[in-house]
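Taken in sequence, the protein lines are chains P and A.
Residue 480 in full-length UniProt numbering sits at position 480 of the first sequence; the count goes up by one each step and never skips.
Residue 158 in full-length UniProt numbering sits at position 158 of the second sequence; the count goes up by one each step and never skips.
It is worth saying that the hints were derived from the structure and are not from the lab.
All residues carry an ideal CB built from backbone N, CA and C; glycine is no exception.
Honestly, I wouldn't trust all of these hints.
As the list claims (entries may be wrong) - Pairwise CB distance ranges (calculated):
#1 PHE30(A) / ASN157(P): 55 to 63 Å
#2 GLU341(P) / ASP51(A): 54 to 62 Å
#3 LYS134(P) / GLY27(A): 39 to 47 Å
#4 ASN244(P) / LYS28(A): 43 to 51 Å
#5 TYR90(A) / GLY166(P): 30 to 38 Å
#6 GLU506(P) / LEU150(A): 50 to 58 Å
#7 ASP372(P) / THR48(A): 20 to 28 Å
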Amino acid sequence: MASKGLCEEHNVTETEEPYVAPDFEPGASLESMLVTTDSLEELEQEMDSSFDERQMKESTTSTISEIQEEINDTTVPDDSSSDQDNKLIENDEVEELGSQLSETSLTSNEDCNAAATPVGSLTEEEGCQNPDWKERKKHVFILSAAGKPIYSRWYGNEDKLVTIFGVMQALVSVVQTNQDTIRSIHAGNSKFVFLIKGPIILVSVSRTTESVSQLVLQLTYVYNQIVSVLTSSQLNRIYEQRRNYDLRRLLAGAERLIDHLLNFMEKEPAFLLGAVKCLPLTPSVRDSITQTIIQTCGKIKNLVFAILLANNQLITLVRMKKYFIHPVDLHLIFNLVNSSESFKAAESWTPICLPKFDSSGFLHGHVSYLSDDCEACLLLLTVDRDVFFTLSEAKQKIVEKLRHGNCLEAINESVNRAGYTASQVGVPEMRHFLYKCMSTAQFWSPALEPPYHVTEESERLLGLYQALHHRLHAASRPLKLLHQQLDKETLLGWITSGFELYVAFEPLVTKHSATNAVNKLLRWIKKEEDRLFILNAPTF
Amino acid sequence: MRTIEGKIVVLGAQGVGKTSMVLRYIGKMFSHHISPTIGASFFTCKLTVQDTRVKLQVWDTAGQERFRSMAPMYYRNANAALIVFDITQYDTFQAMKDWVKELQRNVLESMVLSVVGNKTDLESQRKVTREEAMQYADSIGGSYFESSALHDEGIEDVFLSTAIGLIRLSQDSLCSSLRIYDSSDPSSPVSNAGVGQLCDGDTSREGQTQYSLQTSSLAHGEVERSPVCC
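With the sequences and hints as input, model every part of the structure.
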């Protein structure tokens, strides 16, 4: 047995890979409804490609207009009048927005003048003397390239932080004058991580153990959340017209989405893994839910995705042929549903931009909970803004059929059951694990049991997984397998072409018994795979 | 029995209490924890005024600036509008006027207009006087109401008077987008519906209320003003 490190020194060893058959990948499937590229890899590519290139890519491929065009090709001439109608309205919108912008520019200038003098002196006093604020482990700031405050976590009024924002903007622009980009600053335990996305700058100031690339990933999510609210085309257009625009006007009411997202990322391993968790259901129940949706919505033109979710877990997803959904987009949908109590009160008709699907435009979403007695939320996403009533009718039918088929009960049962626990696997020394299947971008983890049932401990566990993930994916020296013996637990991380596995064991578990346990675990996942994962990729 | 079916749009600046009003009326509840509406929410409710059944399709819109460009989708073919402001925030009163102007520009058909000053429970912080608001409502040919979604005051009046306004509108037969059902057979609507009124979407969240014109609470002078078209 490897001896425990003396103080914080971890005993890290690379171990021989446990033996599994080369094609043994529990939960694997030849078809996937999710885009399966690894989000960290994608991030690296994005960071390396120049901004212009990305812009080009974005402007030439608009998925939404592609779908609309396709549909226009096949529509009967009757519809042309309504098309024209649409175009007219869109023109109006553009004009309206233009006039709004010119109006706002006046007011925002006034705001700026009024604010400039008194605020500067307040800043340091109020911002830095507040002990709570300084104690926070992670801050996130968003500002425009011109240095205007957009958002700050843990702080109500960004105006009072105007000098801090000024420093951040100065740092970015000083480095930019040398034709370079600032990525991070390291000072003691603190990391200052910068992400520059077109007209806006995102900064994370963190004293956590997260790596720079993980912090960049989080900032990218925050940026995508903003795009999801405004679309990238609107965002860019605004700043092209008014460099000095106060974006908080347009983001009013959406700060809570960013707040929620940041908290969400501190609890949920889904973001780190770039994968989605499914609600465990008997395959026959899941199939019948999926079939009900296909039968009811199959004939509705323009419907791109039907997504049913409960408790941050996916129940089913039906998609238009040819189109896939990216886990990032799905995470943003989970975040939206989670942070919007108002969806529970009534049917909503909500514009949603899915940044990975098409960052330039909105999909229109019919969003509603299945019923008062079932906490599952159904989203029907379309490119057609005039089909609310069609979708509303479809939703009623779906609910009736599901109720008739006892599917609502089955969903409730699965939601209310605490979920599988690690002990059910039958490996007593194993406390918790994350299993991600690469070919489907889905993951599974058991319910958090003692000692991880308290927030502090569960966040510590996620921190350990993050560190392990970072070590395994380190660009300079990627690892396949890692066995870490720490003070409070033993961790094992293992990456193959088919899956990623992160396991937390009791502290004194040897490499040998960990390897045996992992083999047992994989066999258990294989046995349960059709309940834990969605193994097909249904289309309309 | 005659049934008429009308589309109502609820407009106004963010945070004035549009959703709270609708939820108070239709859901008979008030929550301190509702989140801002994203896009718009759809409700239906039915009321009976004397011998006419009125079905209301209520579009509760989001007040945030970024949804402004989507508003036409909701007020297109609307038969009535509730334009809400917060009596403690003068700028929401100004914003309300902008909404009225936008409606007057873009909605050609006659429409029942109601101006609602919400949050009367915060009377001590009032910034918009009843007189000023009433005068404005008069000038645009609308009715003025004050309400408190928190204390459930004045909200029934708003919807009831809107329903009565719709009945009058249907009698004028000037309005082509208002749906009027035949008396005996409600299953085959005599419809001349416009775009966007495809079905009535009977949801589980329906309020159903019986009223008669005589006994209803139309005691306030400002309520009984005939709806004038914009």
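Tested hints:
1. PHE30(A) / ASN157(P): 55 to 63 Å: Given about 28 Å between the Cβ atoms, the range is violated.
2. GLU341(P) / ASP51(A): 54 to 62 Å: At roughly 39 Å between Cβ atoms, ASP51(A) and GLU341(P) fall outside 54 to 62 Å, so the hint is violated.
3. LYS134(P) / GLY27(A): 39 to 47 Å: 43 Å, holds
4. ASN244(P) / LYS28(A): 43 to 51 Å: Between ASN244(P) and LYS28(A), where Cβ atoms are some 47 Å apart, the hint holds.
5. TYR90(A) / GLY166(P): 30 to 38 Å: Check passed, 33 Å falls within 30 to 38 Å.
6. GLU506(P) / LEU150(A): 50 to 58 Å: 54 Å, holds
7. ASP372(P) / THR48(A): 20 to 28 Å: Given a distance of about 25 Å, which is inside 20 to 28 Å, the answer is holds.
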